[in-house]
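Chains as they are written, first to last, in the working numbering: chain C, 1 to 375; chain G, 1 to 335; chain A, 1 to 326.
Honestly, the hints are just simulated from the structure, not real lab data.
As the structure is a prediction and not an experimental result, all values here were calculated from the model.
Note that beta-carbon positions come from the ideal geometry of N, C-alpha and C, so glycine has one too.
A portion of the hints provided could be inaccurate.
[Said to hold, decoys possible] Just the calculated beta-carbon pair ranges, DEER-fashion: (1) N288(A) - E40(C): 47 to 57 Å; (2) P61(C) - S108(A): 23 to 33 Å; (3) Y159(A) - P143(G): 25 to 35 Å; (4) G137(G) - A333(C): 27 to 37 Å.
[What the hints assert, rightly or not] Here are the computed lysine-lysine pairs in the DSS-like style, where the Cα-Cα straight-line distance is at most 25 Å: (5) K131(A) - K85(A); (6) K264(C) - K322(G); (7) K211(G) - K272(A).
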Amino acid sequence: MQEVEQLGEEYQRSILDRISDSFIEFLVSIISAVRKGWREKNRSRIAEWKLMFYALNRSPPGVIGLFLVTIFVFLGIFGPYFAPYKYNYFPIFDNGDTYLSPPGQFFLLGADHFGRDLVSLLLQGARTSLVISVIVILMGVPLGILLGLVAGYFGGKIDELIMRVTDMFLAFPPLILAIAFAAVLPERISYLINNYIYLQQILLWLFALDAREAGNLSRLLAVMIAMAIVWWPGYARITRGSTLTERESLYVESAKAIGLSSAKIMAKHILPNIIGPILVYVTLDFGSVVLTEAGLSFLGLGATPPIADWGRIVYDGSQFFPKAWWLIIFPGAIVLFDVLGWNLLGDSLRDVLDPKLRRSIEFKVKRKKPKEERR
Amino acid sequence: MEGMQGMSSFSNGFSSSSNLLEVRNLKKYFPLKGLFFTKGYVKAVDNVTFEIRKGETFGLVGESGCGKTTVGRTILRLIEPTDGQIIYDGRDITKFKKKDMDWFRRKAQIMFQDPYSSLNPRQTVFQIVMEPVNHHGIDVHDPEAFVIDLLEKVGLNEGHLYRYPHEFSGGQRQRIALARILSLKPEFVVLDEPTSALDVSVQANILNTLKDIQGELDLTYLFISHDLAIVKYMSHRLGVMYLGKLVEVGNSDGIFEEPLHPYTKALFSAIPIPDPEIEKRKEKLVVKGEPPSPINPPSGCRFHPRCPFAREICSQKEPELKKVGSDHEVACWLY
Amino acid sequence: MIGTEKILEVKDLTVHFYTYAGVVKAIEKVSFDVYKGETFALVGETGCGKSVTARALTQLIESPGRIVEGEVYYHRDGETIDLLKLGEEEIREYRGKEIAYIFQDPQSSLDPLYSIGYQVSEALFVHKMVKSIKEGVKRAVDILRTVLMPDPEKRVSNYPHELSGGMKQRVTIGIGIANNPRILIADEPTTALDVTVQAQILNLIKEMKERYGATVLLITHDMGVVADMADRVAVMYAGKIVELADVFTIFKKPIHPYTRGLLKAVPNPLVKIERLEAIPGTVPSLINPPSGCRFNPRCNQATEICRSKVPELEEVEDGHFVACHG
């Protein structure tokens with residue numbers, strides 16, 4: 001039998017390995033505290049998690065990606081709360097000198113044309129970016145997966161129908177749709193926000209905004225909806241592709257031989273086995289959503305001030321370029337690192353999530369050198 | 001082994017009432033799709049008739065593409081037959097609707113060739129074995145004890161309960177698959193090349209387990225394989241398939257003693273015997289060429305282009321299965 | 001019967017795969033000699049290292065695998081070359097020309113984009129046996145004829161997907177013998193084929209061997225094929241050779257418990273067997289192989305020494321080597 005934990009004695013677990021091990025042990029002890037006997041029943045799964053991190057730890061880009069992503073997710077969640085200033089505090093009314101003040105004068109990274117602290121804006125912007133990417137992905141992915149599963153599993157005419165509709169959406173440029181939506185939707189959205197107080201509360205809480213900003217949200221939401229609408233076809237595609245190969249596998253046939261229904265086979269047998277490549281795609285996609293959203297805001301379609309948004313900061317700052325270079329460089333760099341983080345992570349997840357690939361990765365770890373080194 | 005001795009009495013002629021499964025004129029044509037029209041049919045199984053008696057192992061041998069696997073799957077209606085009847089325990093399962101199929105699925109199961117893909121890699125052994133029971137709503141008092149009991153029956157143990165398939169070797173996976181099948185207490189199991197992906201030392205283990213369990217649980221097997229040595233070891237009765245047709249069928253010992261169809265002869269002569277004294281000296285009947293495509297099978301007897309004994313009639317008229325012994329039929333113009 | 005002239009001497013060949021799950025010690029200190037003109041079979045079960053051994057002979061080991069130690073002496077007209085000391089450019093001179101391979105899966109060893117004539121011709125061209133690909137294609141017709149390909153004039157322009165499995169294996173054999181190799185390494189050449197076709201291909205390999213006087217290194221798991229083809233046999237288990245002798249001795253008087261178990265586990269279609277004898281347990285992990293003799297956990301005669309000391313391959317009688325403490 002292959003043992004799961006088989007790092008030989010000649011290998012030292014690296015510091016990263018130990019950190020990830022203790023992180024997993026921590027998670028496991030929490031779960032076991034809630035559900036008795038969980039650890040015993042899931043020994044293999046826990047060992048597999050550890051192996052997954054070992055594999056990730058062997059890939060420096062993956063580690064950097066995970067590090068960047070962790071930072072940006074952390075900032076997205078908590079950033080607005082420990083920002084030095086509020087995003088809607090305009091120091092320019094108290095002190096005219098804060099107008100486009102360069103880095104170091106009043107604030108660490110300088111100020112925008114309202115005298116607002118750039119650090120606080122970037123922290124607030126991290127929230128905007130994170131919430132939008134999560135919502136777009138959450139709206140797009142399940143729909144895409146569902147359609148892809150159904151198309152791939154049943155094939156034939158159903159497949160044709162679903163995939164041609166998907167093609168239609170794929171042919172739709174998100175930019176044009178976003179422009180159209182930005183023109184049409186905001187009024188309806190404001191109506192909704194103003195009439196459904198719970199929706200308003202939830203949205204404000206999500207974006208960490210004050211109540212008076214409710215009216216400014218509508219254009220941002222319009223862009224978000226436009227993106228969600230064009231985002232699912234990619235998932236339908238990859239899900240269908242993976243489903244096509246997976247439905248031929250013998251365990252699917254074995255499930256049929258027991259008498260399982262198609263829906264059960266899809267949910268219990270196919271989906272768990274294709275979720276790996278989908279997760280990779282989701283990770284890579286987070287970067288794309290962040291970039292697209294920033295791009296649309298840069299074109300003036302998304303966030304409206306005073307809502308902080310990385311793309312919007314660059315858009316506003318571009319009027320004062322090159323004098324106020326910090327308004328371009330810093331948000332630009334932030335977007336760059338955020339997207340880079342997701343992409344690096346996604347690329348190495350591809351190897352890490354596949355149990356077979358994971359085992360064949362070359363073990364690049366320092367080891368006592370054999371006596372004689374061969375070419 | 002005690003069960004085995006009782007069973008050998010089935011091999012010489014019982015009344016048809018002891019038949020668990022009767023396959024009558026089974027046909028399976030796969031359409032070949034062109035751009036707009038169906039271009040033709042792959043005649044994977046063409047007019048196959050045989051019966052399997054209760055408690056026996058019926059071996060089905062032939063080379064790749066001969067349709068043996070399709071027969072196995074069609075019998076379980078994992079593939080819908082094009083034509084013909086499949087009579088299980090006196091009832092024609094081709095006419096079954098959902099409710100009857102549920103009944104049939106509990107009685108008849110299949111074990112697949114490739115243990116590396118027949119188990120869902122995301123399920124633990126416990127989930128894999130319990131799935132059939134859960135699906136059919138069978139009440140199990142203590143699921144863990146139930147699964148452990150099954151695992152022990154197939155030669156695994158308690159420690160394997162919460163592990164994933166990739167932690168097991170090929171032979172052990174086949175045992176897990178077997179435990180899953182046995183969880184429903186079936187009567188009939190199709191064994192589709194259950195050991196062809198395994199090494200010989202492991203293969204012997206699995207074959208022995210299958211034999212023991214057959215005796216213990218009174219199972220009936222349809223044993224599909226390309227390996228004659230294994231089929232000889234396992235089966236009481238035997239059918240030889242070539243290009244979608246059954247060419248010879250009957251008592252296994254009888255066929256091995258005196259193969260009649262030229263294809264069966266060639267097949268027997270081609271297996272290398274694991275004994276250099278015999279193997280290096282034996283005369284071989286090496287047939288020329290390879291099996292033709294089942295899309296346009298040869299006219300008449302499908303084996304005639306490769307047959308060293310082919311006569312004129314062989315290319316013109318298709319031979320029917322003819323009774324040549326007490327339990328021995330052959331489809332060949334030579335007899 | 002067989003010449004006593006060594007053509008290949010393998011000494012302490014060790015290959016490790018550095019995978020992320022650990023170091024897979026695929027083969028450890030494998031040593032054997034191959035004599036000129038014989039058919040030498042390496043037999044064993046999946047993962048025993050027989051294919052790795054065959055590939056390591058000409059450094060055909062891909063990352064993460066590495067040849068850790070060992071020598072492969074190739075004797076040619078009085079000169080002796082250590083194949084493992086050669087650089088990539090130099091070894092290519094030998095690979096495919098003097099030492100040719102036939103792999104298990106003809107499907108993947110032929111390039112679907114080129115006609116088979118081109119592929120045979122290419123094998124000739126890279127070793128400068130012909131001046132141009134065009135000339136090579138003409139030669140390819142003759143080569144395909146020698147491997148008993150029906151209608152070779154037409155077949156040269158066929159693509160791999162137009163041929164059946166047996167025909168494809170004929171083409172790979174044709175590529176293998178194109179340059180009159182001195183050693184032909186056949187790695188499970190018939191595993192992907194049906195028995196009736198297998199018989200044809202095995203006959204073909206025998207014929208080619210006789211015609212060209214080549215030495216054949218046959219890698220297989222099928223004891224029947226070994227009985228048919230081999231002159232001498234090395235049985236491998238978990239990365240080590242456990243027994244080595246001529247084919248009659250191996251089948252008649254096997255000594256190592258693994259060889260004995262293996263032979264008992266193979267059903268013989270000529271004999272009515274009531275019950276096969278199986279070897280208990282499974283093949284060990286090559287990441288943490290058992291200490292001492294690697295077969296000891298499955299061996300019913302294992303003693304204390306088997307668990308503590310690695311048995312060396314020793315000659316128990318003339319030409320019969322066994323690695324067992326028993």
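Compare the structure with the hints numbered earlier in the document and write down the numbers of the violated ones, lowest to highest. Checked against the structure, the hints that fail are numbers 1, 3, 4, 5 and 6, while the rest are satisfied.
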